[in-house]
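Peer 1: Residue-level listing of the chains:
Protein chains: 2
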Amino acid sequence: MSRFDLIAFDADDTLWENEHLFLEAQAKFKALLSRFHPPEWVAARLYETEMRNMQHFGYGIKAFALSMIETALDLTEDRISGADLRAIIDAAKAMLAADVRLLEHARPIVASLSSRYDLMVITKGDLRDQHAKMGRSGLSTHFGHVEVVSEKTPAAYEAILRRNRVAPERFLMVGNSLRSDVLPVLALGGMAVYVPHPLTWAHEAADAPDPAPRGYFEITDLAALPALLDRLETGGD
Amino acid sequence: MSRFDLIAFDADDTLWENEHLFLEAQAKFKALLSRFHPPEWVAARLYETEMRNMQHFGYGIKAFALSMIETALDLTEDRISGADLRAIIDAAKAMLAADVRLLEHARPIVASLSSRYDLMVITKGDLRDQHAKMGRSGLSTHFGHVEVVSEKTPAAYEAILRRNRVAPERFLMVGNSLRSDVLPVLALGGMAVYVPHPLTWAHEAADAPDPAPRGYFEITDLAALPALLDRLETGGD
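Protein chains in written order, with the numbering used here: chain H, 1 to 237; chain Y, 1001 to 1237.
Keep in mind the hints are simulated off the structure, nothing from the lab. Don't be surprised by glycine CBs; every beta carbon is placed ideally from N, CA and C. Among the clues, some could well be false.
[Claimed, not checked] What the simulated footprint calls covered on chain Y by chain H, stretch by stretch (three residues with Cβ under 8 angstroms from a Cβ of chain H suffice, anywhere in the stretch; the number is not a length):
1. 1084-1094
2. 1116-1128
3. 1187-1195
[Stated by the list, open to error] Taking lysine to any residue and the SDA-like style, the derived pairs with C-alpha atoms no more than 20 angstroms apart in a straight line are:
4. LYS1093(Y) - LYS28(H)
5. LYS1093(Y) - GLU48(H)
6. LYS93(H) - ASN164(H)
7. LYS1093(Y) - ARG52(H)
8. LYS93(H) - LEU1073(Y)
9. LYS28(H) - LEU75(H)
10. LYS1093(Y) - LYS30(H)
11. LYS93(H) - ASN1053(Y)
12. LYS1093(Y) - MET51(H)
13. LYS1093(Y) - LEU73(H)
14. LYS1030(Y) - TRP1016(Y)
15. LYS93(H) - LYS1030(Y)
16. LYS93(H) - ARG1052(Y)
17. LYS30(H) - MET51(H)
18. LYS1030(Y) - ARG1086(Y)
19. LYS1093(Y) - LEU23(H)
20. LYS1028(Y) - ALA1097(Y)
21. LYS93(H) - GLU1048(Y)
22. LYS1093(Y) - ASP74(H)
23. LYS1093(Y) - TYR47(H)
[Unchecked claim] Distance windows between CB atoms, simulated:
24. GLU1104(Y) - SER2(H): 50 to 56 angstroms
25. ALA1083(Y) - ARG52(H): 46 to 52 angstroms
26. ARG1136(Y) - ALA205(H): 47 to 53 angstroms
27. ASP99(H) - ARG1136(Y): 35 to 41 angstroms
28. ASP78(H) - GLU1040(Y): 27 to 33 angstroms
29. ARG1107(Y) - ALA159(H): 44 to 50 angstroms
30. GLU19(H) - TRP1041(Y): 39 to 45 angstroms
31. ALA1208(Y) - ASP221(H): 26 to 32 angstroms
32. GLU233(H) - ALA1155(Y): 47 to 53 angstroms
33. ARG35(H) - SER1081(Y): 36 to 42 angstroms
34. ALA159(H) - HIS1203(Y): 28 to 34 angstroms
35. GLU233(H) - GLU1104(Y): 39 to 45 angstroms
36. ALA202(H) - ARG1163(Y): 54 to 60 angstroms
37. GLN1055(Y) - PHE22(H): 16 to 22 angstroms
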């Protein structure tokens, strides 16, 4: 019998690349505003707008587009051109339709683990966008369920575990965000595997737990996950 | 024993008023553009933009805001002012923060039914916005779960029923949209109660099933729901 009743994966920048879409859109945005302000200044103001708008708009590409438009108006004293505003809206549409680029080991690792474990995806952001990416990823068949939540709080994880009748100590979460995938799961008494991604949004940054608590693991990429699970199944931790 | 294992309610314009927020924002939008075009023309173009953008943006207030901005650029040949664009973004934020106005009978009917039935909310739109409204409504404690879906298709209902181990013939859905709350549930073999709301978005319109199939009911407001359920429990249909 396995030590785990459920293993869940974050999606963006854990199973597939995502943050690069935001960085590329942000680069275009900085170029649009380059005759008004230096790029670092534009990026810092955009981040401020995003954080201020989080309470209204939450996460995701539509929220990002509205914050880009608001920042463009702010930083140009309303002199941003209609063509530039259209470019922002078009960039958002292109992001929503972008190909899903799986991370290198995602497909074989997920396929192999799905024969031994109940797998789930737990992600935040736009419901529609996340389900659409899941469909385009070709990975759907390996996951029993996809949960999209507004925020990855301990309460959000607790509700998912309760609904699926899974005890926290028999749950393992895998993801690239210490803030969203690791710390709230450890707080509940679950286990969490941190898989850092070179591109991680500043908002998701958090300090790694130090000293490492029971149940916390870090691996460099998903290829290392099966060996870690084997070790945990045979009693190592 | 009850005839139903699960009764689900739509939220927007079934439990609380919602469409008025869109109509009020649209009225402001028509006023902003009144020096360029007659209001009916503006409304028709906005609806076209919303339908064209549905594939990208889906439902909800952020999608609506982006479509308003795009329509404003289109209809003014980019001459819309920065101040007017800010007014559109501010209107979206105000919509997202608006008080939840419960429909007249929603609170007592839901409270009373929750002692006899497992109740759920099934709604579409922005995940974050729908959960926030649920919290502000004060009705959360009566519902075992809130499901937010991207589209209310038969497949979406089927997935919810499967996950909750509910047979379609033991499921009843209550809502104001024939297209989203009634027809897909009847297609699965479930029962559906149509509660028309005076304000219903054109996109949600559909013809009432004629002749009325087994399992289809229409009531004028939620106050009539308990009597209908009593009739169904005692074998009438």
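Peer 1: With reference to the structure, classify each hint as holding or not holding.
Peer 2: Evaluation of the provided hints:
1. 1084-1094: This one holds; 5 residues, not fewer than the three required, reach chain H with a Cβ under 8 angstroms.
2. 1116-1128: holds (count 3)
3. 1187-1195: violated (count 0)
4. LYS1093(Y) - LYS28(H): 25 angstroms, violated
5. LYS1093(Y) - GLU48(H): At roughly 17 angstroms apart (the allowed maximum being 20 angstroms), GLU48(H) and LYS1093(Y) satisfy the hint.
6. LYS93(H) - ASN164(H): 35 angstroms, violated
7. LYS1093(Y) - ARG52(H): Holds - the C-alpha atoms of ARG52(H) and LYS1093(Y) are around 12 angstroms apart, at most 20 angstroms.
8. LYS93(H) - LEU1073(Y): This hinted pair holds, its Cα atoms lying about 16 angstroms apart.
9. LYS28(H) - LEU75(H): Measuring from Cα to Cα gives roughly 15 angstroms; hence the hint holds.
10. LYS1093(Y) - LYS30(H): 25 angstroms, violated
11. LYS93(H) - ASN1053(Y): The given pair, whose Cα atoms are some 9 angstroms apart, holds under the 20 angstroms limit.
12. LYS1093(Y) - MET51(H): 14 angstroms, holds
13. LYS1093(Y) - LEU73(H): 16 angstroms, holds
14. LYS1030(Y) - TRP1016(Y): Violated, at about 25 angstroms.
15. LYS93(H) - LYS1030(Y): 25 angstroms, violated
16. LYS93(H) - ARG1052(Y): Answer holds: LYS93(H) to ARG1052(Y) is near 12 angstroms, not above 20 angstroms.
17. LYS30(H) - MET51(H): 18 angstroms, holds
18. LYS1030(Y) - ARG1086(Y): Since the Cα atoms of LYS1030(Y) and ARG1086(Y) sit roughly 15 angstroms apart, the hinted pair holds (cutoff 20 angstroms).
19. LYS1093(Y) - LEU23(H): Distance ~25 angstroms between LYS1093(Y) and LEU23(H) Cα, so the pair is violated.
20. LYS1028(Y) - ALA1097(Y): Holds. LYS1028(Y) to ALA1097(Y) sits at ~17 angstroms (cutoff 20 angstroms).
21. LYS93(H) - GLU1048(Y): 16 angstroms, holds
22. LYS1093(Y) - ASP74(H): Since the Cα atoms of LYS1093(Y) and ASP74(H) sit roughly 16 angstroms apart, the hinted pair holds (cutoff 20 angstroms).
23. LYS1093(Y) - TYR47(H): 18 angstroms, holds
24. GLU1104(Y) - SER2(H): 50 to 56 angstroms: Check passed, 52 angstroms falls within 50 to 56 angstroms.
25. ALA1083(Y) - ARG52(H): 46 to 52 angstroms: Violated, since ALA1083(Y) and ARG52(H) (Cβ atoms, about 19 angstroms apart) do not stay within the stated range.
26. ARG1136(Y) - ALA205(H): 47 to 53 angstroms: 31 angstroms, violated
27. ASP99(H) - ARG1136(Y): 35 to 41 angstroms: 38 angstroms, holds
28. ASP78(H) - GLU1040(Y): 27 to 33 angstroms: Holds, since ASP78(H) and GLU1040(Y) (Cβ atoms, about 29 angstroms apart) stay within the stated range.
29. ARG1107(Y) - ALA159(H): 44 to 50 angstroms: Once the Cβ atoms are compared, 24 angstroms apart, the range 44 to 50 angstroms for ALA159(H) and ARG1107(Y) is violated.
30. GLU19(H) - TRP1041(Y): 39 to 45 angstroms: 41 angstroms, holds
31. ALA1208(Y) - ASP221(H): 26 to 32 angstroms: 55 angstroms, violated
32. GLU233(H) - ALA1155(Y): 47 to 53 angstroms: 36 angstroms, violated
33. ARG35(H) - SER1081(Y): 36 to 42 angstroms: 20 angstroms, violated
34. ALA159(H) - HIS1203(Y): 28 to 34 angstroms: 31 angstroms, holds
35. GLU233(H) - GLU1104(Y): 39 to 45 angstroms: Given range 39 to 45 angstroms: violated, Cβ gap about 57 angstroms.
36. ALA202(H) - ARG1163(Y): 54 to 60 angstroms: Since the Cβ atoms of ALA202(H) and ARG1163(Y) sit about 35 angstroms apart, the hinted range of 54 to 60 angstroms is violated.
37. GLN1055(Y) - PHE22(H): 16 to 22 angstroms: Holds, at about 21 angstroms.
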